[in-house]
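Those protein sequences? They're chains A and B, same order as listed.
Using numbering that gives the first Met the number 0, the first residue of the first sequence is number 0, and each one after it goes up by one.
Using numbering that gives the first Met the number 0, the first residue of the second sequence is number 0, and each one after it goes up by one.
It should be emphasised that the hints constitute simulated quantities derived from the structure, not laboratory data.
Honestly, I wouldn't trust all of these hints.
Label pairs and their computed distance ranges (CB to CB) [what the hints assert, rightly or not]: (1) E118/A x R12/B: 45 to 55 Å; (2) R12/B x R84/A: 22 to 32 Å; (3) R12/B x E222/A: 30 to 40 Å; (4) E13/B x E118/A: 17 to 27 Å; (5) M0/B x Q193/A: 44 to 54 Å; (6) M0/B x A90/A: 24 to 34 Å.
Backbone N, C-alpha and C define an ideal beta-carbon position, used for all residues, glycine too.
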Amino acid sequence: MQRARKDFEAHGLGIAAITYDNPETLGDFAERKGIDYPLLADPTSETIRRYGLLDPDATPANIGSSAPNVAYPGYFWIDREGVVRERFIDARYDDRRTANGVLTSVFPGLLARESRTVEAPHVAVALSQSDREVVPGSRITLTVGLTLPPSVHVYAHDARGYKPLELALEPSPACELAPVRYPPSRKLRLEVLQEEVPVHEGSLEIRAEVLVAARPELLRLLERSPDHRATLSVRGVLRYQACDDRECHPPCEIPVAWEIAVRELDLERTDPSLRKPAR
Amino acid sequence: MAPPIRLRDQSDREQTLETLAGKGGLVLLFVRSADW
Chain A
0 MQRARKDFEA HGLGIAAITY DNPETLGDFA ERKGIDYPLL ADPTSETIRR YGLLDPDATP
60 ANIGSSAPNV AYPGYFWIDR EGVVRERFID ARYDDRRTAN GVLTSVFPGL LARESRTVEA
120 PHVAVALSQS DREVVPGSRI TLTVGLTLPP SVHVYAHDAR GYKPLELALE PSPACELAPV
180 RYPPSRKLRL EVLQEEVPVH EGSLEIRAEV LVAARPELLR LLERSPDHRA TLSVRGVLRY
240 QACDDRECHP PCEIPVAWEI AVRELDLERT DPSLRKPAR
Chain B
0 MAPPIRLRDQ SDREQTLETL AGKGGLVLLF VRSADW
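Here chain A stands alone, though its shape is the one from the complex:
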């Protein structure tokens, strides 16, 4: 969140974190970690409860502790009038969105800044990712952006009887892949064939969420690495068939790949005198 702070502020968003810690514990943490955005102390968990994120029983979502009344992991985007615009609630602390992931969900165009192009016929393809470096347990978003020239379309992912748009990612031992998300298609009337076919035109994005799972093998690798870092790759193939108003070109298969840098979890704790007692 600290690293993403400038991006949030550039988009007019303030940021803050809330925990059940007292201000002294938060002050110690902020000083040790160089945090300069507000950390809000909610030691009675009353505000956490009012936001509906109180875990009274230390459920499996709050792994590694028996402490009651902590918050479930999540983000709220609240506008200046106090209206909740979006909420992102994560299932577990070892499977949660990154701050950049939240920011790019709210402002999808942000990812385009750091995209890289991939050579592909008939369409422009650009790859991007919400985060370049994460810790185990982070869920990030990988994006394939396509820009089609005017009067060019590709068959949509839900087209039947044609070569549909498809992003096929290879299974990875270190990453869990969520189902790929495609944008809505529109129906194109093919007069010659007297049928309507779902297609994509213009600019579109295909998104895939990837969890860098906190598996023992990855954690051991990070521990043993001299700089406590590792690089994971997610690879796949983008398939599509592009047509213009005169012809359909042969189907294409374009290799795609992203690299994700992973650093070790920060397990440093506060001074024992500042710790909240466990149950």
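With chain A held as given, fit chain B onto it using these hints.
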């Protein structure tokens, strides 16, 4: 509407939605603890 916020931060300053939000609002991150 979001529940009101009136909490002390790490520097013992009282913070509210009005003091925390930018023009576009506030992104509030819920974390179990700064300690673990």
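Hint check:
no.: 1; hint: E118/A x R12/B: 45 to 55 Å; verdict: holds (53 Å)
no.: 2; hint: R12/B x R84/A: 22 to 32 Å; verdict: holds (25 Å)
no.: 3; hint: R12/B x E222/A: 30 to 40 Å; verdict: holds (38 Å)
no.: 4; hint: E13/B x E118/A: 17 to 27 Å; verdict: violated (56 Å)
no.: 5; hint: M0/B x Q193/A: 44 to 54 Å; verdict: holds (53 Å)
no.: 6; hint: M0/B x A90/A: 24 to 34 Å; verdict: holds (26 Å)
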